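Asker: Protein chains in written order, with our numbering: chain A, 117 to 854; chain B, 452 to 619; chain C, 2 to 325.
Each hint should be verified, as a subset may be incorrect.
Covered stretches of chain C, going by a simulated chain A footprint (3 or more residues, C-beta under 8 Å) [to be verified]:
#1 2-13
#2 131-145
#3 232-244
Facing chain A, from chain C, some residues (calculated, C-beta under 8 Å) [as the list claims (entries may be wrong)]:
#4 Leu120
#5 Gly126
#6 Ala222
#7 Phe308
#8 Arg315
These are computed hints drawn from the structure, not numbers from a lab. Quick caveat: nothing in here was measured; it's all calculated off a predicted structure. Where a beta carbon is used, it is the ideal one built from N, C-alpha and C, also for glycine.
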Amino acid sequence: MNADPVVGRAVPRRDGPAKVSGAAAFTAEVPVEGTAHAKLVCSTVAAGEITGIDLTEARSAPGVVAIMTHHNAPAMRIAPLLITLRGASFTRAPVMQDARIRWNGQPVAIVVAETPEQADHAASLVRVSYALAEARLVFDDLKAGAPQPDHVQGEAPAVMIGDAEAALRAADTRVDQVYRTPWHTHCAIEPHATTVAWHDDRSLTMWDATQAITHSQATLAEVFSLDLENIRVVSQFVGGAFGNKMMWSHQILCAAAARLAQRPVRLVLSRSDVFRVTGGRTRTEQRVALGARADGTLTALIHEATTTTGISDGFAEQCTFPARVLYGADTFGIDQRVVELHTPANSSMRAPGESVGSFALECAIDELAEQLDVDPLDLRTRFEPAAHPTTGKPFSARHLLEAYRLGAERFGWAERSSAPRSRRDGPWWIGQGVATATYPYTRMPGGRASVTVSADGHATVRTAAHEMGMGTATVQAQYAADHLGLPLDRVHFEYGDSRHPAAVPAGGSAQTVSIIASVVAATRALTAELLRLTSSDSPLAGAGTDDVELRDGGIYLRDGGAGQSWPDILRRAGRDELTGEGAASPPTETAQHAMHSFGVQFCEVRVHDVTGEVRVSRWLGMFDTGRIINPRTATSQFRGAIVMGIGSALSEETIFDERTGRVLNATLAEYHVPVHADIPPIEVAWLGHPDPLAPMAGKGVGEVGMVGVAAAVANAVYNATGRRIRDLPITPDKVLGL
Amino acid sequence: MIVINGTPHEIAITDPRRSLLDHLRTDAGLHGPKKGCDQGGCGACTVLLDGRRVLACLTLAAQADGRTVTTVEGVGRDGDLDPLQEAFINHDGFQCGYCTPGQVCSAIGMADEVARGVPSRVSPEIGAASFDLSPDEIRERMSGNLCRCGAYNGIVAAIEETYVGGPR
Amino acid sequence: MKPFTYQRADDVASAVAAAATTPGAVYLGGGTNLVDLMRQNIERPAALVDISRLPARIEIGTDGRLRIPAAATNTDVAADPVVRRDFRIIAEAIVNGASGQIRNMATVGGNLMQRTRCLYFYDAGAHCNKREPGSGCDAVDGHNRMHAVLGASPHCMATHPSDLAVALAALDARVHLAGPAGQRTVELRDLHRLPGDTPHVEHTLEPGELITTVSVPAPPAEARSAYRKVRERASYAFALVSVAALLEVRDGTVVSARLALGGVAAKPWRAASAEAVLTGAPATRASFERAADVALADARPLTHNGFKIPLMRRVIVSTLEELS
Ligand SMILES: Cc1cc2nc3c(=O)[nH]c(=O)nc-3n(C[C@H](O)[C@H](O)[C@H](O)COP(=O)(O)OP(=O)(O)OC[C@H]3O[C@@H](n4cnc5c(N)ncnc54)[C@H](O)[C@@H]3O)c2cc1C
Ligand code: SF4
Ligand code: FES
Ligand code: FES
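Using the sequences provided together with the hints, build the complete structure.
Answerer: Structure below.
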């Protein structure tokens, strides 16, 4: 422990100077001797069989080193799914093992050449012919028979409590609407990049832009039947991931091509390949029906969602999770369905499920408030449950009412005019909206870390974790400094390499707490080792780990007792350094309790009277996510999530041609993520009440910030104009009703 | 010949297809300029060509012949960071850092454009003799640089502090 | 990208000569459209003649016309004090387009000659009559939200994406050309062609012809003008629709009017019939609505872009109202 703790301080990012100066080397920039460059050739049809691949022209193009198709690809086993925690894939589709086409954009050949330009050109000369099969592509035609998935992120697909439909019919006031959200694509600015070098037939190194180092290593081991310890995966800096930088076919193909070419191969996906080869967020269609009594009790809460997956998996997006957690109701009717389509697999994208699910739920609550003529925030307070409404478990910590109150004060919610179309500034109608956010706390099992102390008084924490912009290195150094009782500048944090102890994937906002739990375990192991090294004349002789505390660069008996510095212990024992390694304790904290992050989003929009253009002019997010380790990086995480939410509200949509299953707007020029001009100053604040059950009392901050954002915007647009848009994105034509 | 960050580079462009971006990243060994899309859609590849901000991905290396190029590596002086770069750190104007070199170069070019009297879409009067660097102007003028991590607020604050003196 | 050769021209004559003598040559301006399309294998030239360093001084000619060399960058045009004072919709249109970086690279000639952003045109895997004559048009029954409502044909319904061209069309600009057969001038409104059954023929330039200059007559001194662009993303996006308008009103009556529409056709669409309706009419909302209806009388919606017609109508009316 630190007398003057650094946890809670707005410490600047450790990688700041490297990132602002261009010194930070991302995956495609790591020099690897003798590298050849690869380019994918991808299918232009969604379903069928490859009937022929003509490589004549491509083979004779300048610089070509090797071309791989399903004819000469090695046998590769199916990549294990991320959800199993034994791999990092979203799909069980075989990779280049057969002639079958499962989606439009599936790689059918990989061309390796001396330079990227040559690979590119040669790839354009590969001629592929197909026998088309009937493709499942039209969501509206297929949704009626959609089956229930086996599970939704490990939870039951349906939750029925009481007879919700009957309660709805009997309700004094009802809302019963269908909400739609389109496909989305992550669009990290760094495209996926991989370089693979085989050292011999049985060992390789893969430099990969990934958020799942350990699980990529496991995937390669399974796919190529290699020993885990013969595979090294390196991922130092990741240029954004948002759930998409997991294991897709391109890493597997790059590895296979490197073996075929007998030299290191680098594959950087083109931007359109990012859209077509990897999967994004599913579209959704959601019915939310709410029944209420005149006194404002919720008598029925129905949330039925249909999402999509690819032909060989992907997952059921947890759209209905907010409805299971947020509000108390007499009856619940929650149901999820999944349509299998010939599209890329559905993958996790920032706040999967909750973000788009909350759009439906939180708009419906707003509609109900309007019908009841109650302030939407007041209405939510009336629905506040005493315990988890669908499992009955107590919440470990839930301070949503306080967040509502403080957020409303700070935003000036009381001054809002509840009547739509009542405030105007020149041609702009002004409206304000609110929505609630929630995201489950998770801590994935399996993370490990090591802590090394050295005779020069430094400590180094190592784990195969990821720095994709969340500030992992900074935040973990802060935590470790306090935990080890060292000044911050004497703590190193090393990550990004599978040579370090295995880590959990960066997902589910779980990385920070998972690493902390493993650092706790490693420190305990280290402490035990150090105590074992102490000599019999040490004040620590005979002490156990529970008798001591770490502070001031050493180990001391509890309650201000005597002790020894580490350098002292090490020197006396003739050691330069000592390492303790440990595995995080099993995540039992969620066994008896419901653990969630919460928040509330307030926004103001301006809607142009003539053009229907919507611009967000003000934002406040008030969050309840437990203790915050670094206010600076946490603020950026919340803001970044809100920005992505604004994109989903106003402009983002991945357009599939329903005839061909092809992504049409597979460019950053045509897939509209928000630009500077779309984003107003975003104020974020948090309550900071510790969660007593979470390690370090903190819950994840990466995803909850996106939840409720689109709904808050849609509710504000309603307040501005009197038009309810239940179909994202909220474009000018919809606003004007054209 | 291209002068890159003050140093003349003889370039033998064996393949005219080579973009300025790939030339900088591979031949010149400067990976500050980033490839985000290779199609003009993101701004990550922004460098200064004869002092003006351009997209290196849509510039052929051959087109830069005889010109000076400044990348993010050449922005600071004497091994120190430029005040703008310091401000990016202080305002947390990035997360993953992939768009950052482009944002930094773009901001420098943008400030110069304002000084030269280049108007923007949000300039109150397009014919004005000079333009203020208001937050709205910064946001509009920087809109060619996407940041998917959403660090926009920090970036705007860093630019304001550097070129206007103090964020709002 | 297909291999190609590269050469740079320092003056118009050598540019034209180089293009005429190099098989498969095309001109390279800033490259912001051409290089992108080459990388997508949509354009596959065998040779590039770089004209981006041709002289680019913007000036007022002896005839009083603004003369913008084709190699002038969009930024330099928008920043030019004379342009900003007397031809303001040119500057407005430019700064409404693309991004600061792209405007620094993009030339005026390249901007006029840039190709459509139709998503099927951009995807070598799709059917497109413009890219491959006779292969069909995937936009007809496909995703055509951004497509044309005026002047389209069943063979192609792509739009021209330029903002600048819309302003230039409203200003009666002329395009000066140099080619193997000498020099000539065309009206900007005759530069682009409607698709008909030959959508791959997009303009009236002869092979090897180079745009050397765009010239613009001074607009009526009393006229007020505006460029309005609508898009869902606040910046760095092509127009859903746009309007360039000049309006001269004296004593409550419209003396002269010019109206050009963007985002609705394969060319910047000059609404001459609406101008005729406006001229001499009272400067009232009713007149403007009538003019908008006339301008859009022949507009035909496709499956996903019907909104463009009423949206354009609203923008025309409000822009004219603002100018009156
Ligand atoms: C992401 C993105 C967003 C954009 N947004 C907008 C927007 O909102 N509004 C807008 O208007 N534009 C927009 N643009 C397009 C941009 O304005 C054009 O790409 C640019 O103006 C083209 O000019 P250039 O000099 O780069 O042309 P090039 O790419 O060099 O050439 C384009 C074409 O013109 C031909 N050409 C060039 N010069 C001449 C000449 N002098 N004579 C004859 N032919 C010539 C070339 O052969 C080529 O066919 C955007 C572009 C991108 C990439
Ligand atoms: S609209 Fe024109 S450009 Fe688009 S696909 Fe059809 S023919 Fe091609
Ligand atoms: S890489 Fe140049 S704009 Fe995206
Ligand atoms: S910091 Fe990640 S894209 Fe800007």
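Asker: For this structure, which hints from the list above don't hold up?
Answerer: Of the numbered hints given earlier, the structure breaks just one, which is hint 6.
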